[in-house]
Structures are given as structure tokens and as C-alpha cells.
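**Q** Given the coordinates of chain A, assemble chain B onto it according to the supplied hints.
2 protein chains.
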Amino acid sequence: MPIEYVKETYQMQLKPLLMRSVLYFGSKEGIYSPDHHGGEFTCTWRDAYGRICRLANALQSLGVDRGDKVGSLAWNTHRHGELSFAVPMMGSVFHPTNIRYGREHLIYAVNHSKDKIMFVDEDLIPLVEDVSEELKTIKSYVIMTPLDKPPQTKLSPVYSYEELLRQASPVYDFPDDIPENSLAMLTYTGGTTGLPKGVGWSPRSMVLSVFGLIGPDQVNLCEEDTVMPVVNLFHINAHNFAWATAMLGGRLVWPGPHPSPEDQLSLIEKEKVTLFQGATAVLLFAMQEWDKGKYDLSSLSKVYSGSTAPNQALIEALEDKGLRLHWTYGMAEGRVISNTVTSRRKYMEGWPKEKYLQKMTRQGLPMPGTEVRVVNLDTGKDVAWDGKEKGEVLVRGLWTGQEYYNEPEATSKVFKDSWLHTGDVAVVEEDGYLYLVDRIKDIIKSAGEWISSVDLENAIMDNPVVRQAAVFGIPHPKWEERPVAAVVLKDEYKGRVTEEDIISPLRFRFAKWWLPDHVLFLDELPMTGTMKVMKRVLRDMWAEGKLKV
Amino acid sequence: MPIEYVKETYQMQLKPLLMRSVLYFGSKEGIYSPDHHGGEFTCTWRDAYGRICRLANALQSLGVDRGDKVGSLAWNTHRHGELSFAVPMMGSVFHPTNIRYGREHLIYAVNHSKDKIMFVDEDLIPLVEDVSEELKTIKSYVIMTPLDKPPQTKLSPVYSYEELLRQASPVYDFPDDIPENSLAMLTYTGGTTGLPKGVGWSPRSMVLSVFGLIGPDQVNLCEEDTVMPVVNLFHINAHNFAWATAMLGGRLVWPGPHPSPEDQLSLIEKEKVTLFQGATAVLLFAMQEWDKGKYDLSSLSKVYSGSTAPNQALIEALEDKGLRLHWTYGMAEGRVISNTVTSRRKYMEGWPKEKYLQKMTRQGLPMPGTEVRVVNLDTGKDVAWDGKEKGEVLVRGLWTGQEYYNEPEATSKVFKDSWLHTGDVAVVEEDGYLYLVDRIKDIIKSAGEWISSVDLENAIMDNPVVRQAAVFGIPHPKWEERPVAAVVLKDEYKGRVTEEDIISPLRFRFAKWWLPDHVLFLDELPMTGTMKVMKRVLRDMWAEGKLKV
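If you're matching them up, the sequences are chains A and B in order.
Residue 121 is where the first sequence starts when you use the working numbering, and the numbers rise one by one after that.
Residue 121 is where the second sequence starts when you use the working numbering, and the numbers rise one by one after that.
Which copy is meant is left open, because identical chains are indistinguishable; a pair holds if it fits in one copy or across any two.
DSS-like cross-link-like pairs, simulated, lysine-lysine; straight-line CA separation at most 25 Å:
| hint | residue 1 | residue 2 |
| --- | --- | --- |
| 1 | K473 | K508 |
| 2 | K135 | K148 |
| 3 | K422 | K466 |
| 4 | K565 | K598 |
Because the hints were derived from the structure by calculation, they are not lab data.
Isolated chain A, as found in the complex (with noise of 0.2 Å):
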């Protein structure tokens, strides 16, 4: 028979997600923020609804049309949460852009997505002052304060948030007609090597990607839920954690402008929050703070991390105060992945605690709604279950990005059959777990072998006397490559260790051809902003003979 088809014009979209809380919820308080000078800010989702509808009129008289891009420079509040739900309701494209990036990435980005206006902080004008001159789209600035005028800037045209909501009209309709995958969001990747890149959303990822979270085995989402979302908005993975609450009736608490992990702990008490969201090193953070035993944290029941993977004293330290630690393993380009706990794993139950602690530092299983290979970097064939095997992540799925925006070389070396090729190097375990190793342009290839940089630094690190360490490749004329320690000493061990002292304890764990051929001894490693060595920096430096052994 000829394939037949069925009538599906009902579209994915944003809109229904809001609106569900709008109809069926409007009277509950569903957004706390704390403000700028010391305020707070909270409103039913009715009167959020209310505000939003103004915000896109003050769009409208902006200029802003469908398909328009809209920039933003700001923290997670209230009013960054209410751009991000009217911008692509809109039709329009929101922007949110990294707080976090150097003065050339910023201009790069905004340039490159053609923002039509931009939406700032109060406390990140500085920032966007000094390259206001080089943004070529830009028409005009929005300051995000909850004065009647903007602050004294050189800014210009210049709007105050409140009073533009204040002028607009509180209704506004919103089309219904947006194509499911028309552009609605453009988020742009770290730029931890070379410029960033955009990678663009529509409103069937963000749908799918909402449905995908709620469920039990992942983020386990309900109407009952109070969020706090401290990944930030330029994150794309911050983005479904408040459609979603949106869509299920749920609390959102945005920790507001530039939240210590005081701020974020007191707000956990005092809103009592349920949820929290934050990238693993806010995390680490937060646990400090939290061990003063200054707070009732007794709201929270579910603790979720991404960006790298948590060491086993954090998942401990969750379970010790009764939380398991779900995490998250994602990126930029395919938004969430895969995740470690699933309800059920009722083989773990009896395991001895340092083997199920262990396990929880892995990536685990793939997501409903992915699909993930591990290929061998060889043979491009899928590697054994053998917990061994060295591969690169494939990722593909219902919320997977499958190109690069306005990047058509750079999306045809990563995006490549239909599979996003993640630079991630994994094995996979006997249970299907995947277990990341290295990047592969960190992984070490001697004699035809693969060396994980990963796991040495974590041996090397597991030493007393070491601060911190990094292992990268340098060229080999027989092997191809050999691995190279640098290690940073604690400072009370500065001076007293020798490379032996490094390596000897290495013995133990690995095969000899592992072994570093040098270990280096440095005050500092160069990091990049989001704290991640950056090694390509440290071959250079050994290329260029500034590294001596």
C-alpha cells in the first residue's frame, strides 16, 4: 500500500504551556524573585500573565517583530523569566546572552545574532557600555531595574522595564499560528575554543524537551514543586525547567541578581523551595555554606546537577542529609542527554557504598527521547559493553540540536549523519552506562592506544600533596604521542616532591606505558572562565619550549 498519512496540523507551541498556569492556577503565587536594591518581587501567575502581555506590547512599540531577535545581558529574575516566556510567544527570538563572556565573544555573538534590542541588568551595564559602540543591530537598550528611570548611562535610546510595562497594555494577543520549528530561541556555546557558536530552538524542541524532564525517572516534576533555577538563562537547559514549571502549575523562584550561595540557601528556607537546579560546581559551593548548619533546608527534596560530573564526597555528602543527587549529563548543542538515576536499579541495592558512589558520578543512561552511541575512535564501530572500550558520543533525539546557526562548516563537522558528534570520549559499562573519560582532543593516543588524561588526573589528584593536575599529549616521534603531568602542589608541599613521588603511586593503577614521561611542577594552570583547564594552552606552552621539565 502507498504510505498514508495522517492530518497533523496542530503545531507545537509555547503559548499552551503558560497559558495552563494562566487558566488553571492564576491565583497561586507563581513567581518569587529577589530585586535589585534590596526588594522582592512575587505574583500570581495571572498577574505574571498580565505583565508579560505589557512586556510584549513594550516590544511591539520597540519595533520588535516576528522574527526579530531580542538580546539580553542579566541575571535569573523575575523579569529575565518574563522576556524569555513573551519573546517567543511573540514569534520573535529571544537571546539570552553569557554574562560571563569576554568583551570579544560579546560583541561576536550579539553581532552575529543580530539583536534588535538588548535587555541589561543594572549591575551589567558597564559591560555592554564598553562595547555598546561595536554592536552593529542593536536599537536600543532596556535597563532591567525596578525604577520608574533608567540609571545614568551612555546607553542610548535608554528604557526603564517597569515604566515601559507601566505605559503597555496589559492584554495582548498572542498569535497561535507560529510554525513548531521556526526559530525561537538562540543560545551560543561557551567559546572555549575559538569564537561561539549559535545553536537555535525552536518550539518543538522546548516542548519536547519540557515533556521529556517532568517525567518520574527524571527531574520527576509536579505542580507541587517550588523551582529554583540558578543555571543561568543563557543556558539553555534553564529554559525547560521553567516552561515546564509553567506548564504544570507549578512555583518558580528565580534567585534574582548575582546570588552567593547564602542568597541561594536563605531563599531555599524561605521560599520553601523543592527543586534545585544548579550547574555541579554551584553546587560544591552551596554544600560549603549549607555545612555551617545556619539553615532548614527541609523543603528540599530534589537536587538536580549538570555541566561536569559530581565527585563522590558531593553525592555523599546529598545522601548523608537524606537528597540523591540527580545529575545530568548535557551540553550547549544537545541539551540534556542522559542522566544517572533512574528509579529503579534494584541490583545496586547491597552494593558496598563505594562502589554505588562511584557509580554515581557516571553519566548514565540515556534519556527517553535520546538516542546515544559510543563509537570506537578508530574503527567507527560501537564499542563493547565492557566498560573499556574508548568511543566518542553520538547523540540524536527529540530535543538534540542538528546544526550550528548560520555555521554551515563548523555544523558539518560536528553535526554528521544525524548524529551529533559530541568530542566526548566514554566507555560504556556492563549495565549500559555511559562513562565519560576525556575530550577527545585531550585523550592521548601512544603506540596505537588510547590514554585517558581523565583518569590520571583524577589518580594524580588523589594525592595528598597535589593542589591540582592536568595531563595532556605531547608529540612523540615513535610512540605518536606520551602523556605529560602538569601539577599544581599544595603550598605547604611546594619544593619537597619529587616527579617520583607523582608517578610511584601511579604504579599501582596503571599499565607502565600510562605513565606520564614528565611531570611538571607549576604555581598556576591556565583556566578558562567556567573553571576548566584549558590544555590546549598548556600543549602550546610546551610547543613553544615554556615548559620545562
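**A** What follows is chain B alone, placed relative to chain A:
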């Protein structure tokens, strides 16, 4: 700016849903089913996949190609489940047929769908033999028997399911390129008015329905669950439970051939079922059996019903056992639309029990992913949320049907302006809860006002002398229509009750103009196969003078 689009070629597919169990929960016992001849069947997800591949090869060898229709007349067994997985994954179309159809409807549905092969359960062979000469498109029959040879039958050519599987290869390469909106399943309506009508389902609507189902405020489905779908697979809403269970790595317990309430409860006990899904009527029978105290049903934590609204006694009986009844409002054309329970309805805490139980009989709030309007029957405008103004329920959403299969005329009557016109009459309560009060064809219009036949029936059935009641409208020269009540008395009251005995309790609850003009005492009411009163028949009988006052 012109609208830009995001590359999104990844299609929603059914195969990755099943493959997640096969890959990551492959050694887990995934399927259990009682079998014909008192046997039982159990296997892991990996072995289930082997059988599904064999089935696909067998189907191919019987000439089933992409787009071909595969029919079934069968109970919910593991074989029927395998067929429900294999056929749409091949790109063919699965058409499970209603085993309760009469001869005419069975012939009509199979011919209308153009089924090429028909899979038949052993004990249902006589139903098919009775009509086989009228089935125009069937090329062969497969008997779903554990035996090597099919039983003696005049169906021809005929094969044994297990023998076909034994001869087939356990390796099959299911395609990755099935268009997401291609026809994957066909289910036909009950045919209570006129001939059955087909509704087509695509991989897209099925995937969306599965994701829409699993959230904690909905079915709350996770890997830990052992799911028993008692709703027969010829109802589309049985399928999302099976696919969702596969996607999450849960466990499926099929209830097997013609399951009695005893069978269902024994299975819950024996297989430690956590989630029971059955029509309200099925659940009522199960409760009667449960109350005999013979079963340990402590594994059960989630009970879902559908079809007709549960009464307060059922909800209370379950709450007494520590179970909250989750019931969902839906229909053949729209799948699941709304449900009563959300995780939190804080304002209900402290309500009088009676008020709470009454609320739980309502149709509740639209699920995330569906949009609901209730429009005044006269003006077409959205009704007030006052629990009084009546209107027709309109639905649209991510998995709502948008047409009947090859029925343009019926489609144009029911699917209009992007909304499914359900024919249900409802009010909306203050908190947005939907409450169905009638069917459009049964509601009575008198002097320009609407009288709910359902409200009157419920009130009449509160009278302890009444076994059953139906209220229907008769034409009236002045008031347009007037209500008439048809009443079946309990045996002990027959001949001892007057019209006034029935009417007088109603005077306290309804305005005078609501009271039925006549009360007809009948020995029985005309019923459908699904135990609904056929009011159309009552109206016809009245018109023909067959009902006497």
C-alpha cells in the same frame, strides 16, 4: 525579520521507545501474560525483542509491506502486545478490532480499513468464521495460539502464530525513516450511532501521548512500575501505557484471554502489579471481588480508570484502601483529555468528605498538551466558570485526533476550526474543573433553557426504589422539548410506586420546569454492548407510540 527555521529532521519514532528497554533493561523480565490452555508466558525485554523481530519477518513473508494494514481480533495477551509493537515499527498499520462488535460492524471496520492479514485469538475464531466470506481484503489468518498447529477452522489460509515465529529469523532491521505523521494505527469508534468510524494515529501522536502520560501529575509512570493494561488494545488509550512502559524499562503484565475480575486480582497479587488501568465499569467489578478479602493487593499503588465517570462510592472504597483513583476523561477521537487528580489541590484539604468525593467525580483539568474550551450551545462563546452555564466541550492538542479516517463528511461535522467538537455538554467549575453534564444529543431544550438529562437521572437513581433510570426529551408544541423519565424499579417495588413517588423528591432539588412531564415504568432499558442506555431508541419508541404513559 523574515521567519527563520531550525533544522529538525529527526522524526518522532516508535522504535527508540522500545529499544530503550531492549538495550538498557534487556535482561529484566519485561513481559508476563497468562496464555491459552492455562499456560503462562514470561520473558525479558531482550527476548521479547527477538520475538518481535521474528514476528516482523513472519509478517514480511506473509506479504505485509509498508502501509499495509494488519488487523487483529484478540485479548490483551503478550502476542497481541508483540503485534502492537512490531507492525507500526515496520511502517505498516496496526488495526486492532473491537471484539464486542456485532457482525455488521466487524465486517464494516475490517473492509473499511482494508486489512490484509488478520490475527485472531483461539476462542474468537467463531466470530471471524461467521463473517469471513464478507471480508474482502484479508489474504490470510494467523491464530494466536501457543500450539504448533492452528485449531480446525474454515478460515484459510491459516497459520499458527508460534509456528510462524519459530520459522522466522530473530533479526530484523526496523526502518529509521518512517515519517512521523504517517499512518501507524487505526482504531474504530464504538459505533453506538451508525457505523464505526476510524481514527488514524501516527508515530508522532503516539510518542507525544506517551510523553504526555508519564509525568507525576498524570500517570506517574516509572521504571519501577509493573503495569497491567486491562483496557483492551482496540481502545487507543491502552497503547500509550504499553509504549510508555517499554520506554521506561518497566514491566508489562498483560491480563491474558478473557480475564475475569478474579483473574485480574490474582494477577495483581501474583505479579505484584503496581499500576492497574481499566474502565470504570471493569474496576467496579474488580472492587466487588476485592471486597471478598481473598487477595493481597499491597503491591498496587496506582489505579487509573476511564470511559465513564466513577461514582463517589468507588472513589471512597479505594481511598479506604489507601489508593487514590486517578481517572481520565477522554474519547476515541481525542485520546486522554483531562484528569481529576493533580498532585496538589491544597485548597481541598479540610474539605468535608462529601464535597471532596463529589469533586473527584469531575472530569478535572486539561492535561498538559491538551487545550479545552467549553462553548455555550446557543452563543458559541466560552461559558462562565460558574458551574452552571452549559456548553459543548471542544478539544485540541498534541495528541488529539483531527479527522476521521477516509470519512470527510463525518470529519467536517466533528472537527471544525481546529477543534474537536466532542458532543459532550459540560460546565466549568470555579477552579476550572470540567464537569460533564450530558451529551449534546441527549440534553433537553425546554423554553430556550437547557435541562441536563444526567442530573435528573442521578437524582432519580438516588431514590432507593429505583434500579435504573434514563431521562430523554420528547417534542413539545409549545416548549420545544420536555423531559420524560424511564424508570426500572427494583423487583420488590414493582407495581407499588406512583409517578408522584418518583417526582416528589425531585421538587426539592430542581426548578419546577425541570421536572419530567411523565414517568414511564419499564421492565428494562435498551442498552449498548458497553452498558450505556440507548436514549435514541427510547426517543424512537416514544415517537412510534410504543411507550405508554
